[in-house]
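Engineer: The lines below spell out each chain.
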Amino acid sequence: MSGAAVGLEGVSKRFDTRKDGGLLALDTVDFALRPGEFVSIVGPSGCGKSTLLRIMAGLVAPSTGRCTRPDGIETAFVFQEAALLPWRNVERNAQLLMELEGHPPQSYRPRAAEALKLVGLAGFEKSYPHQLSGGMRMRLSLARALALRPGLLLLDEPLAAVDELTRDVLQEELSSLWRQAGFTGVLVTHNVHEAVYLSNRVVVMSPRPGRILDVIDVPFAYPRAPELRASADFAALTGQVTAVLRAQHHAQAVA
Amino acid sequence: MTRSSSSSSSPALAFARNAAPVLVVALLAIGFWWLLSATVYQGKGYLLPSPQEVAAATVENAATLAGATLSTLKEALLGYALAIVVGIAGAAVLAQSRLLERSLYPYAVLLQTVPVVAIAPLIVLWFGYNELSVVIVSFIMSLFPIINNTMLGLRSTSRNLAELFALHRAGGLVSFWKLRLPGALPHIFAGLRISAGLSVIGAIVGEFIIGSGNAEGGLGVQIVFAQGRMYTALLFAEVIAATLLGFLFFLVVSAIGRLLLRHWHESALGS
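In order, the protein sequences belong to chains C and S.
Counting in my numbering, the final residue of the first sequence is number 255, and the numbers go up one at a time with none missing.
Counting in my numbering, the final residue of the second sequence is number 271, and the numbers go up one at a time with none missing.
Okay, chain C solo, but in the shape it has when bound:
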């Protein structure tokens, strides 16, 4: 399955509030995702990056502008909380999205098994979510998405709630999953290191109303070794992203 190309053309989002004019969350965002690439969106809290992700998912309609996606691609979304059904065991949780999308029932078991194997949860099929650690729940959430064989995978801070060691391991696994499965990946995060480690490109957004400040290319070849995080080049690049974020922050603080 090859990744999907997604286009954002002049996308703005205004939320209706009691005050006149409403709240402008996103301001004319133009961006084109290339098929199969991995892009991270970083920005301060409340900059509309999650809203942008929901627009790409089709969960939220833009106020102006448009979001174009190829027809017939599967889109899967991974939330910060694993959002599992606690009454279903691991295997049946992994099958959920196939059921909702109306896949043929005979594909549920093999696809779920394949996805669970990919994320390292083979052997836990009969366990229930409450028996899993935070990292395992997130793996299950990923497996549930991957079982769809998505062309577009949208990740909303999926690793924000796990501890730091687990986060590093999951980043490495996510990167290798992306290379194996070949989806187009979009990750929303406020962890600059995570964004640089995983992505082809990092999109830096301004505080509200969210605009794209800069798009920074990450030149490191895949597969990326865990040790990359300790290299000087890596530090230089994360420094560059942080500088863009900080400049905007200072500009706002002075204004």
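The reader is advised that the hints may include incorrect statements.
[To be verified] Not the full set, but computed from the structure, chain S residues with beta-carbon under 10 angstroms of chain C: (1) Leu65; (2) Ser158; (3) Phe165.
[As the list claims (entries may be wrong)] Cβ-Cβ distance ranges computed for the label pairs, FRET-style: (4) C:Gln180 / S:Ala19: 54 to 62 angstroms; (5) C:Ala122 / S:Val22: 44 to 52 angstroms; (6) C:Ala247 / S:Arg159: 32 to 40 angstroms.
Derived from the structure by calculation, the hints contain no laboratory data.
Glycine included, every Cβ here is placed at the ideal spot set by N, Cα and C.
Once you have looked at the hints, place chain S on chain C.
Structural biologist: Relative to the frame of chain C, chain S by itself:
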């Protein structure tokens, strides 16, 4: 990884640990009752019969008591079952839209606040001096906790999961069966447990109104009957039978709830 409870490896041991404190309290209460009946109420068995007298009355009237209990059981069970079906289905309809809820929910509340004892005669007037009236009183008594708790449960769906279902184009019916109803089960069973006892109380109240004209009637009928004869020992036996009946309902419903929730809900984990 799994929650194993090595201490409760033997079911018999687990039962003993759960039941022992309850039984100790029961023995103390019966002891105190006996003491009272043997001292203050000595010779006033029509006010407080002794435990032995109640036991004797139970044995003596075993056939009537069993018949009455069975009759009440049947009526309460029918009323309760009707309340479960109407309550859950009604809550599912009300939870579909705020407008429906705003227009109909107050009437569900009215059903709860109207004094059942006061409208029971009306029900008898409409439906006759028969079991149907009793079933209806039991139904009205048990309905509200089920509607109310089911609605609360259906409204407590996690936002992320609702978004996930919306993203994957799950329709209202699919969301209901795969997400909202299973998610509401803990709340539904909380309502069912409250209504278990209420359904028996409702049946007894209904039988009171029907009165003692019917010698074959349930516990409520027999209680009125025993009171008329100042047969207090039998009255006690009947009250105890009614109480145990409600308790039995509660136990059965709780057991079913634990069985359904045992894999996932905090209230039933490890049970």
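Engineer: Quick check on a hinted range of 54 to 62 angstroms for C:Gln180 and S:Ala19, using CB atoms only.
Structural biologist: holds, 56 angstroms
Engineer: Are S:Leu65 and chain C close enough, Cβ to Cβ, to be under 10 angstroms, as the hint says?
Structural biologist: For S:Leu65, the interface hint is violated, since the closest Cβ of chain C sits about 42 angstroms away, which is over 10 angstroms.
Engineer: Holds or violated: is there a CB of chain C closer than 10 angstroms to the CB of S:Phe165?
Structural biologist: holds, 7 angstroms
Engineer: Against the range 32 to 40 angstroms, how does the distance between the Cβ atoms of C:Ala247 and S:Arg159 compare: consistent or not?
Structural biologist: holds, 35 angstroms
Engineer: With a cut-off of 10 angstroms on the beta carbons, see whether S:Ser158 makes it to chain C.
Structural biologist: holds, 7 angstroms
Engineer: Given a hint of 44 to 52 angstroms, does the C-beta separation of C:Ala122 and S:Val22 actually sit inside it?
Structural biologist: holds, 46 angstroms
The structure shown violates just one earlier hint, number 1.
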